[in-house]
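Enquirer: First to last, the protein sequences are chains P and L. Residue numbering for the first sequence follows the numbering used here, beginning at 1 and increasing consecutively. Residue numbering for the second sequence follows the numbering used here, beginning at 119 and increasing consecutively.
These are calculated hints, taken from the structure and not from any lab test. One or more hints might be untrue.
In silico lysine-lysine, DSBU-like type, Cα no more than 35 Å apart, as pairs [as the list claims (entries may be wrong)]:
| no. | chain 1 | residue 1 | chain 2 | residue 2 |
| --- | --- | --- | --- | --- |
| 1 | L | Lys197 | P | Lys34 |
| 2 | L | Lys467 | L | Lys584 |
| 3 | L | Lys794 | L | Lys875 |
| 4 | L | Lys857 | L | Lys794 |
| 5 | P | Lys34 | L | Lys192 |
| 6 | L | Lys546 | L | Lys424 |
So the chains spell out like this:
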Amino acid sequence: MRSRTKIWAFADDAPALWQPSADVYRTRDGWLLKFDLAGVRAEDVMVTVRGRRVSVSGVRRDLIVEEGCSYYSMEISYNRFERSIEMPADLENARVTLEARNGLLLVRMITKGNQEYV
Amino acid sequence: MSDQPVVYELPVLPLKNAVLFPYLLMPLSAGRPGSIAAVEAALATESKEVLVFTQRDGDVDSPLQGDLYPIGTKAVIRKMSRAGEGHLELLVLGMERVALVKLDTSEPFLKARVTPLPLPEDKSSEIEALQSALIELAGEALALAQPNAPQELRGLLSANEDPLRLAFVLASMFSFDAEKAQALLEAPTRAEALRLVHRYLTHEVQVLELRNKITTEARSEMNKEQRDYLLRQQMRAIQQELGEKGGEQAEAEQLRERLEKADLPEDILKEANRELSRLEKLPPGAPDYNVIRTYLDYVLELPWRKSTEDSLDIAKARQVLDEDHYGLKDVKERILEHLGVLKLNPNAKAPILCFVGPPGVGKTSLGQSIARALNRKFERLSLGGMHDEAELRGHRRTYIGAMPGRVIQAMRRAGANNPVLMLDEVDKLGRDFRGDPAAALLEILDPEQNKTFRDNYLDLPFDLSKVLFVTTANALDTIPRPLLDRMELLRLAGYSEEEKLEIAKRYLLPKQLKETGLSAEQCSIPDDTIRWITSRYTREAGVRQLERAIGRVARKIALRFAEGHAESCVVRPDDLIEMFGPEPFSQEQARREMPPGVATGLAWTETGGDVLYIEATLLPDGKGLTLTGQLGEVMQESAKAAQSYIWSHAGDFEIDPALFRNSGVHVHVPAGAIPKDGPSAGVTMATALASLYTKLPARSDVAMTGEITLTGLVLPIGGVKEKVLAARRAGILTVILPKGNQKDLRDLPEHVRNEMKFVFAERVEDVLRAAVPQLGERMESAKTHRIDHAA
Numbered sequence: 001m002r003s004r005t006k007i008w009a010f011a012d013d014a015p016a017l018w019q020p021s022a023d024v025y026r027t028r029d030g031w032l033l034k035f036d037l038a039g040v041r042a043e044d045v046m047v048t049v050r051g052r053r054v055s056v057s058g059v060r061r062d063l064i065v066e067e068g069c070s071y072y073s074m075e076i077s078y079n080r081f082e083r084s085i086e087m088p089a090d091l092e093n094a095r096v097t098l099e100a101r102n103g104l105l106l107v108r109m110i111t112k113g114n115q116e117y118v
Numbered sequence: 119m120s121d122q123p124v125v126y127e128l129p130v131l132p133l134k135n136a137v138l139f140p141y142l143l144m145p146l147s148a149g150r151p152g153s154i155a156a157v158e159a160a161l162a163t164e165s166k167e168v169l170v171f172t173q174r175d176g177d178v179d180s181p182l183q184g185d186l187y188p189i190g191t192k193a194v195i196r197k198m199s200r201a202g203e204g205h206l207e208l209l210v211l212g213m214e215r216v217a218l219v220k221l222d223t224s225e226p227f228l229k230a231r232v233t234p235l236p237l238p239e240d241k242s243s244e245i246e247a248l249q250s251a252l253i254e255l256a257g258e259a260l261a262l263a264q265p266n267a268p269q270e271l272r273g274l275l276s277a278n279e280d281p282l283r284l285a286f287v288l289a290s291m292f293s294f295d296a297e298k299a300q301a302l303l304e305a306p307t308r309a310e311a312l313r314l315v316h317r318y319l320t321h322e323v324q325v326l327e328l329r330n331k332i333t334t335e336a337r338s339e340m341n342k343e344q345r346d347y348l349l350r351q352q353m354r355a356i357q358q359e360l361g362e363k364g365g366e367q368a369e370a371e372q373l374r375e376r377l378e379k380a381d382l383p384e385d386i387l388k389e390a391n392r393e394l395s396r397l398e399k400l401p402p403g404a405p406d407y408n409v410i411r412t413y414l415d416y417v418l419e420l421p422w423r424k425s426t427e428d429s430l431d432i433a434k435a436r437q438v439l440d441e442d443h444y445g446l447k448d449v450k451e452r453i454l455e456h457l458g459v460l461k462l463n464p465n466a467k468a469p470i471l472c473f474v475g476p477p478g479v480g481k482t483s484l485g486q487s488i489a490r491a492l493n494r495k496f497e498r499l500s501l502g503g504m505h506d507e508a509e510l511r512g513h514r515r516t517y518i519g520a521m522p523g524r525v526i527q528a529m530r531r532a533g534a535n536n537p538v539l540m541l542d543e544v545d546k547l548g549r550d551f552r553g554d555p556a557a558a559l560l561e562i563l564d565p566e567q568n569k570t571f572r573d574n575y576l577d578l579p580f581d582l583s584k585v586l587f588v589t590t591a592n593a594l595d596t597i598p599r600p601l602l603d604r605m606e607l608l609r610l611a612g613y614s615e616e617e618k619l620e621i622a623k624r625y626l627l628p629k630q631l632k633e634t635g636l637s638a639e640q641c642s643i644p645d646d647t648i649r650w651i652t653s654r655y656t657r658e659a660g661v662r663q664l665e666r667a668i669g670r671v672a673r674k675i676a677l678r679f680a681e682g683h684a685e686s687c688v689v690r691p692d693d694l695i696e697m698f699g700p701e702p703f704s705q706e707q708a709r710r711e712m713p714p715g716v717a718t719g720l721a722w723t724e725t726g727g728d729v730l731y732i733e734a735t736l737l738p739d740g741k742g743l744t745l746t747g748q749l750g751e752v753m754q755e756s757a758k759a760a761q762s763y764i765w766s767h768a769g770d771f772e773i774d775p776a777l778f779r780n781s782g783v784h785v786h787v788p789a790g791a792i793p794k795d796g797p798s799a800g801v802t803m804a805t806a807l808a809s810l811y812t813k814l815p816a817r818s819d820v821a822m823t824g825e826i827t828l829t830g831l832v833l834p835i836g837g838v839k840e841k842v843l844a845a846r847r848a849g850i851l852t853v854i855l856p857k858g859n860q861k862d863l864r865d866l867p868e869h870v871r872n873e874m875k876f877v878f879a880e881r882v883e884d885v886l887r888a889a890v891p892q893l894g895e896r897m898e899s900a901k902t903h904r905i906d907h908a909a
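The task is simple: from the sequences and hints, build the whole structure.
Expert: Here it is as structure tokens:
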């Protein structure tokens, strides 16, 4: 095995190996974050909110589709991932709900209701 | 931390010549079956993890545990694709540092048990300092290596906070070789890692700086040349705009035109063209520019193929030769012979003639006359005193101020390759440490070699074989043998009185009259006056003094006319004393009375012949033989031989042998100031001694010459014509010559032959009989006496 070219690169946050893409929506009562996390089991995902930072981390484990098959090529990133998003507002007290839909992880954060509660 | 270290097993990708660092992505390609199997096994897992170890030796194909560095990196395969059958392209991302515990080399792929080796996390101010130093250094290196590197790259460097990551990035950015990279991966502390990178990078920067320096220097040199070229182009453009041609360009073009027009042999043209293209590339200020230009000028001006048409009209040539010179039959015949050969074979090799004779006999003017007769160009170069070979053959062009040799210069002046080239005074060549011009002449005068004569300056073969070389010399003994060998000798002996008279009447007098502006009527010099001049006022073999004397006479007459009190006059011999003063040379009159012990000899000199008297006198109670008068060794020896011969034949001559024992002899040869040498005075010595011992005087009207041997033979000698003429000048009309010289009388003018009486001697006795009549009688009677006695 040898290095093909002299290209160099490095991944950003150290222990994580890949970053899922994410969309951020403004909603009437707060925020909606959508992560591209197909093939990740729900139990392998952890969402943390610390101040303005929302982090999604976990592991994508490859599932073997069929017995006796082997890779011809691979593009999907497996193993540990993490994605942190800096939000414009503090979301420590937001109400967070998770939903997995068609391979996407939806993170809903409601702030208005909370404020009303206070 | 548990006491038991974590150990796990994963497939291994052995890496050749590269190290994968944690945090870094690296594209890899896998071709070995083992590697492909390992990748496939890794991809079959959920986490796609492999171990990457670097091989110590990139050439090993199936590495064992010892072939791998013990510390490697756990990585995840991010992407995989197949570039073809049995070839995988991978993108792997380093995860953590691991230490090898055990390598499993069983088929189908390598597996290893490893334990994580966390990266060091030490902190110190040194690390901070190193980190900032590294960032600066990396910026420098980046600026040197890739001046156009994107700004983000530099931004990445400075933004990096983890010092180890910085180290890894730099290592991969400046592509450290595997060994250095591995050392960095294995570094036990951050400080160590940073120091390593700093060291390598410093070296890298130095190398880059040096490289940049070299390239900038090369570039600046090129820039200067380009700048000059550009400026010159502009100048040309401006000159064209102004309607002026660029000086050097016009020159080169002119030369090219001339080259095209010139009729040069092919190889010469090729060489000339090469020089011309060199010239065109040079700026006119370059020192070589002028050198090449002069050279080309020279090549162009030389008559490579140009020759003059020979006039092959033999009758006309004969007429020309006769017009210019009186006498000199041999030489004229030889020239006409050559003309005849040329008529039959136009490519005949020209002879190399050598005129030998005393000064003033017309050797040089004969050369001119030959050229005129053949209708060729005439060039003359004097070799007298030349002592440098380079004068003949030229200097190589590498020398400053180099010139072609005199021969090539003469060819250029002649403008034709078949001139008559006269090499004057070939006997007066010098030689010194700079070389021997005679040796160079050997080549020039050899018809076999001079077809391709190479002058040092030209360095091109020039054909000298068509040149008619004529050399002149006064004497032959200083000419080196090999040189003499190449030349055809033609002797020009001195002129006799009659010849001189003819020459004076035909050439000298008209010439002098013309120079002084007199007409033949105004001044006539009758024959006897000319004879008077030749005999009383000049003494020479040639006619130079005679010409001067006639010139003086003419000028004196001219003066009279200029003063206005003269009419046509005839110069009588008596007028000469008035004009010139007393005669400087008394006529070499024979001594009327000669005491016993004196004999008349004849000598050859460079100025013709001379009469010389050999005087011998007895020294009573003296001893031995004393010789004076600047005699050379050969002459001294011939005196001794003469004495021994007389002594040994004392009985025949009725000489008292006691005379030899009891008294010495002194022999003197006047004039004492002139060195003399040669064997030809042998008979004269013998005669003088015989006359001395017998007290019988020798005849004063007999002159003699000849070499003698100890047994009394008379051997032939040279210079007969000059000697006979000298005797005649002195009024001695009987000459004793060796029998062997009888044939030489043909050289004498007929009237001289008729006027003179010759005695040909085979033995000394023949000489004595003719020179000392009384001794002859005595010998006759002694002979009869002996015969009587025997009877």
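Enquirer: Taking the numbered hints from earlier one at a time, note which ones the structure violates and give those numbers from smallest to largest.
Expert: none
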